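Residues in the sequence shown are numbered from 30 upward in steps of one, following the numbering used here.
Don't read these hints as lab results, they were simulated from the structure.
Please read all numbers here as calculations on a predicted model, not as lab measurements.
Please note that a few of the clues may not be correct.
Stated by the list, open to error - Pairs of lysine to any residue residues, derived as SDA-like cross-links and limited to a Cα-Cα distance of at most 20 Å, are as follows:
| no. | residue 1 | residue 2 |
| --- | --- | --- |
| 1 | Lys377 | Val439 |
| 2 | Lys420 | Phe433 |
| 3 | Lys146 | His118 |
| 4 | Lys146 | Trp199 |
| 5 | Lys354 | Leu343 |
| 6 | Lys271 | Val216 |
| 7 | Lys354 | Val364 |
| 8 | Lys377 | Leu464 |
| 9 | Lys377 | Met308 |
| 10 | Lys146 | Tyr88 |
| 11 | Lys354 | Pro307 |
| 12 | Lys354 | Phe302 |
| 13 | Lys377 | Val364 |
| 14 | Lys420 | Gln466 |
| 15 | Lys146 | Arg198 |
| 16 | Lys354 | Met308 |
| 17 | Lys420 | Lys377 |
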Amino acid sequence: MTTTSEPNRTATDVDAHAPTNLLPTFLPTFLPTWAVFWAAFLVRVAYMTLAHTYRFRPYGDHFQFGWEMGRIARALVTGYGYADPFSGHTGPTAWVAPLYPLLLAGVFRIFGIFTLKSAWVILTINCFFSALTTRTTYEIAARCFNRRVAVWSAWIWALYPAAMQYAVRWVWEMTLSAWLFTLVIVVALRMRHVGEQGSNGETRTPPRWLLFGFLWGMIALSNPSLLLFLPANGIWILLGTKNLRRQIAYATASTIIFLLCIAPWVARNELAFHQFIPMRANFGAEFCLGNGPGANGFLMEFDHPFQSPEQLRLYREMGEVAYAKMRGRLAWANVHTDPWLFVRDSVKRFYFFWISVPHPADDAWYVEVGRVANFGFVSVAGLLGLALACKRRVPGVALFVWAFLSVPLVYYFVTVHARFRHPLEPLIAILGVYLFQSAEKRAPAREN
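Build out the structure end to end from the sequences listed, making use of the hints.
Written out as structure tokens, the structure reads:
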């Protein structure tokens, strides 16, 4: 039996190379039990509580408590509006997208600004989003591969320490973005009825299209870099439809929902800065931190307004938009002066994204070696799993390919951090499990 690329196969038919006795029965909903969610959630909360990772050092006026997002949340609660991402009152900002700072501001309003209670609550919310990702991870794996891959992938996400780190230590948007990103992939797979036996009517329904637009609106307001995946995601859903004109109309309605989600943020930026800023205003500054004078492939944090008094002074005097444009011009001038340096740094960032960004030199060498080996091994396993899925024409593999191509793209040319690939890590886990499950000894061939 050979694999096919048809989207209406059952979960049992998805991986014809798996042993016969390991193939699952048909999964009507492709949903796991809630045990994996609760295990993931309770383990994260217990570790965060017992290890006291919610106790952030007050250094730099609590800057490690959410960094720019924490500062903005404080400004929102204290009446300064969406402003002040660094030290002091520096005016309105669009340095980061608004969804997570607004969530953090709500926590601050109820439990206090930079308090231990607020820290525990916001990290618990992070743990909740990270635990929810076990369910989307399971469904993606069950629809595209089989139940065994789904079970292993979900439990690895639930219990693997590296998958927990951003939930239990970072006040930032990674866990929210990862859950939203995997959820929108689940919606796409449902709309193409991947893994389902036959089709009980049109699955690309108006409610699902509207949900698709809403989820992408939330992703844009959480992590705009992920929008590079949106065109491929939408086009993939439209492929193979029997009534293209009707589906384009539904997709148009989905686009309207997406635009309505981001419209308040765009309108606010227009009022605050008197110019069109669709998502964020800091691209030039970030580009300079990765490609300005002295660039070596790393993020030059020493030249960031939160560390450099001189850059903070310029930021305050010029305003955010003018400052970011000035820094962007400086970076482009440096790229034009030495384009090969830009190429070399981009290659370094590609390596860092997939193999690991080196940690500070004060880490013990064996810690660094272990961390790089772990990070790189997971990446290689995921990429080999993706290659195998492409070779076997697994349904839905095109979404994996486009995600792997689009999500990291901006980071190769601007700057990179290990946390930037967190939205991809559930997919990497699934593909790694698929690779090793496929390497198992095959069952003996049946006699005719």
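The hints, checked one at a time:
| no. | hint | result |
| --- | --- | --- |
| 1 | Lys377 - Val439 | 14 Å, holds |
| 2 | Lys420 - Phe433 | 16 Å, holds |
| 3 | Lys146 - His118 | 25 Å, violated |
| 4 | Lys146 - Trp199 | 15 Å, holds |
| 5 | Lys354 - Leu343 | 12 Å, holds |
| 6 | Lys271 - Val216 | 19 Å, holds |
| 7 | Lys354 - Val364 | 15 Å, holds |
| 8 | Lys377 - Leu464 | 27 Å, violated |
| 9 | Lys377 - Met308 | 27 Å, violated |
| 10 | Lys146 - Tyr88 | 18 Å, holds |
| 11 | Lys354 - Pro307 | 15 Å, holds |
| 12 | Lys354 - Phe302 | 13 Å, holds |
| 13 | Lys377 - Val364 | 15 Å, holds |
| 14 | Lys420 - Gln466 | 16 Å, holds |
| 15 | Lys146 - Arg198 | 15 Å, holds |
| 16 | Lys354 - Met308 | 15 Å, holds |
| 17 | Lys420 - Lys377 | 29 Å, violated |
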